[in-house]
Amino acid sequence: MPCHLISDATCGFSFATFSGLQLHRKRAHPDVFAASCSKKTKVRWSNDEFTLLARLEAGLDPACKNINQVLAERLMGFNITRGVEMIKGQRRKDQYKALVRQLRSNSETQQCVGSAGSMDSNVPVNDTTSSVASEVTITYPEYGAVMSCDLIKEATGMATVDINELQSNIRKVFSSGRKLPMKVRGVRETVQKKMANPRVAKFKRFQRLFRSNRRKLASHIFDKASLEQFGGSIDEASDHLEKFLSRPRLESDSYSVISGDKSIGVAHPILAEDVELELKATRPTAVGPDGIGLEDIKKLNTYDLASLFNLWLKAGDLPDSVKASRTIFLPKSDGTTDISNCRPITIASALYRLFSKIITRRLAARLELNVRQKAFRPEMNGVFENTAILYALIKDAKVRSKEICITTLDLAKAFDTVPHSRILRALRKNNVDPESVDLISKMLTGTTYAEIKGLQGKPIIIRNGVRQGDPLSPLLFSLFIDEIIGRLQACGPAYDFHGEKICILAFADDLTLVADSAAGMKILLKAACDFLEESGMSLNAEKCRTLCISRSPRSRKTFVNPAAKFNISDWKTGVSSEIPSLCATDTFRFLGHTFDGEGKIHIDTEEIRSMLKSVKSAPLKPEQKVALIRSHLLPRLQFLFSTAEADSRKAWLIDSIIRGCVKEILHSVKAGMCTDIFYIPSRDGGLGFTSLGEFSLFSRQKALAKMAGSSDPLSKLVAEFFIERWNIARDPKVIEAARRVYQKKRYQRFFQTYQSGGWSEFSGNTIGNAWLTNGRARGRNFIMAVKFRSNTAATRAEN
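452 is the number of the first residue of the sequence shown in our numbering; add one for each residue after it.
In short, the hints are calculated from the structure, not lab data.
For every residue, glycine included, the Cβ atom is placed at its ideal position computed from N, Cα and C.
The reader is advised that the hints may include incorrect statements.
Within a straight-line C-alpha distance of at most 27 angstroms, the following computed BS3-like cross-link-like pairs (lysine-lysine) qualify [claimed, not checked]:
| hint | residue 1 | residue 2 |
| --- | --- | --- |
| 1 | Lys846 | Lys1167 |
| 2 | Lys1153 | Lys1184 |
| 3 | Lys1008 | Lys849 |
| 4 | Lys655 | Lys675 |
| 5 | Lys808 | Lys864 |
| 6 | Lys864 | Lys1023 |
| 7 | Lys783 | Lys655 |
| 8 | Lys864 | Lys713 |
| 9 | Lys623 | Lys765 |
| 10 | Lys893 | Lys909 |
| 11 | Lys783 | Lys893 |
| 12 | Lys1101 | Lys1153 |
| 13 | Lys1072 | Lys1051 |
Pair by pair, the computed Cβ-Cβ distance ranges are [to be verified]:
| hint | residue 1 | residue 2 | range |
| --- | --- | --- | --- |
| 14 | Ser599 | His1053 | 55 to 65 angstroms |
| 15 | Pro649 | Ser458 | 53 to 63 angstroms |
| 16 | Gly463 | Ser1028 | 51 to 61 angstroms |
| 17 | Lys1023 | Pro1164 | 37 to 47 angstroms |
| 18 | Pro735 | Asn792 | 53 to 63 angstroms |
| 19 | Val850 | Gly1226 | 31 to 41 angstroms |
| 20 | Arg1191 | Ser1028 | 49 to 59 angstroms |
| 21 | Glu687 | Asp1021 | 21 to 31 angstroms |
| 22 | Asp1055 | Ser1082 | 14 to 24 angstroms |
| 23 | Cys462 | Lys1184 | 46 to 56 angstroms |
Please work from the sequences and hints to get the whole structure.
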């Protein structure tokens, strides 16, 4: 008997059952499948909407009239549309009435507690800790006998010191024997130069960058970053900075340190050991307006620097020349003249950065950030954890057939617009003592100027924002974000992951909201926008993204629902903007990784081929191309595979693509170099590459084993989810032992080939194998040396 076939109108394929047709649509045509599932159904109240309605009624005046109409209007403020009759129906329920009574009772209790000086109150409280601390005499260390700078030694013995005058004299000492760069604002004279061959000029420029700034060269080759300076107007750049940094300050809150708790202080005397610790970790960078670089600082010993910093602590401020900075603009694309398409980078004094590092280390050691904030935590891999959590939430929603809404937020000019008053309030809420808060407030101020091609703009007073490039900035911004996290967690809507509620993922200014319903997401967005409005900040709706996974009304199947729309209002203009919704075939960026509409991490092999093609065709010598692939491209690719769901098969594929490219660079395609020689360390005579396939296997296991021991309950749950899914060992020692066995087998496999002949003569000889990485062997000599090392040099008969 002939079977009745059902055809797919999109591609024409036929199926015997409707289930088979739907499964095909879901895999091959996800957008068509989503459209077929998202049919109109009867509007139902979600738990978040039900709770929100009860909270709104509990907050109404008892004498309020037309309650249903008022509640409908207030729901509209959350972009939730409900009619008066629908609200009446909910208010008749006994469960609703009980919830309203409970919320009113809790509100009255909180008011009683708040009158006594609760934590959420802005009323000043008695600061017993700081009053006791102020009675204690601070003793600064004396390093007179071992100090080398007479100016600082003399200043430490004085009762009062003018830190600005002292800094001016120190700068003169540093500048003796060399001329400080003087920048003049105006138009420079153009000098006619003889036109050079463009290919020769490009080769020379690449060679110069390879020697001086390989990171910048790699960014240009792999990311197409511009090598040119911004060519716009200096006045336009100055006005752009002034618009954000010099706007009027927000009024500061009167929040004080919580009485009874031990306060956090960072303004105690600095020791020479503190300076030495940070100085060792400091790398040479561009100099600030004062012209003092790292080489100048190292002319002073650590006792001089500690004494100088202690003089600043005594004064409670930093010299004006130290707080001054210059701002350069890095174009995001070649030839741009749009200032908004540039990335502003602030370069402060090297002395300021060293002092800031010491203060940052002290503050970070005492502060306890919200567990949802994963940035700037040295004890964890925050990107890995947040990426694993997001993937686990989407996977859990699909397996349990639950709805989940995810919105990535983009704060417009986040670091440039965060108010100083909100940062200082966050410090006080975290029980930082007044002396330390006052010191940090002075560090946030200062001046800067725009700099374009040697031209200096007008001085701009900093009243808002934190400097991008200041070691203290990320930590202070995280404290500000902590307040947003607390506000959102208090709202109620969240996604339930096996008993753990989560409503936000945070990594610095990258915020991602999570809810189990569209109404819950609207409530979270309203809370976030209200907080940012209070802080004078806003969201960039065009760069935000929303992924909504819904459940089909007649089945347990889930689908990506682009019909779910969310709006945010701009408090400056009053205009409501719609956040772009993702389809199943769309992608979005999350902490450097690319997720598709189904929640899977996507790695584009064609993009990697393009990167390899760029480095292969770059005007560089063969050993330089190999060095860029080994030291700059591979670490980028390792980051892509540093996920809980790393695709090992794709990693092995990319390994083979990279080997093929390197063989072409070394003219060894026909010779057939052994695979293992690429991954043997250079100290043993190999090329020293990292195998992405091996990395994806063991790095994931190590990261999940570490994540399982996290203090965050949600991170533990997610780690257990992946450990059981992949049957991963929990002991890091077992994982490390397995990795060593894997590497031992590589050596054994290699020694069985003819290319290992004579390998014992130079294996482990660090000096003898240095030519593989130090650039001494160049061009054709490097190519022939590699061929001789691998026994693949062509003989006369083969030629």
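Exercise for the section: Assess, step by step, whether the Cα of Lys846 is no farther than 27 angstroms from the Cα of Lys1167, and give holds or violated. Expected result: Distance ~16 angstroms between Lys846 and Lys1167 Cα, so the pair holds.
Handout entry: Distance restraint evaluation - Cys462, Lys1184, Cβ atoms, bounds 46 to 56 angstroms
Key = With a Cβ separation near 52 angstroms, Cys462 and Lys1184 satisfy 46 to 56 angstroms, so the hint holds.
Problem - Lys1023 paired with Pro1164, Cβ distance criterion 37 to 47 angstroms - result: Given about 39 angstroms between the Cβ atoms, the range holds.
Exercise for the section: Take the C-beta atom of Val850 and the C-beta atom of Gly1226, compute their distance, and say whether it sits inside 31 to 41 angstroms. Expected result: Violated, at about 52 angstroms.
Problem - Distance restraint between Lys623 and Lys765, which requires alpha-carbon spacing of 27 angstroms or less - result: 23 angstroms, holds
Exercise for the section: Please test the hint of 14 to 24 angstroms on the beta carbon pair from Asp1055 and Ser1082. Expected result: For Ser1082 against Asp1055, whose Cβ atoms are near 22 angstroms apart, the range 14 to 24 angstroms holds.
Handout entry: Pairwise hint evaluation, Lys1023 against Lys864, where the allowed Cα distance is 27 angstroms at most
Key = 15 angstroms, holds
Handout entry: Verdict for Gly463, Ser1028 (Cβ pair) under range 51 to 61 angstroms
Key = 40 angstroms, violated
Practice task
Could you grab the alpha-carbon distance between Lys864 and Lys713 and see if it respects the 27 angstroms cut-off?
Solution key: Distance of about 35 angstroms is beyond 27 angstroms: violated.
Practice task
State, for the Cβ atoms of Ser599 and His1053, whether the hinted interval 55 to 65 angstroms holds or is violated.
Solution key: Given about 57 angstroms between the Cβ atoms, the range holds.
Exercise for the section: For the pair supplied as a hint, Lys1101 and Lys1153, confirm whether the alpha-carbon distance does not exceed 27 angstroms. Expected result: 20 angstroms, holds
Handout entry: Cβ separation of Pro735 and Asn792, checked against the hinted range 53 to 63 angstroms
Key = 29 angstroms, violated
Of the numbered hints given earlier, the model fails hints 8, 11, 13, 16, 18 and 19; all others are met.
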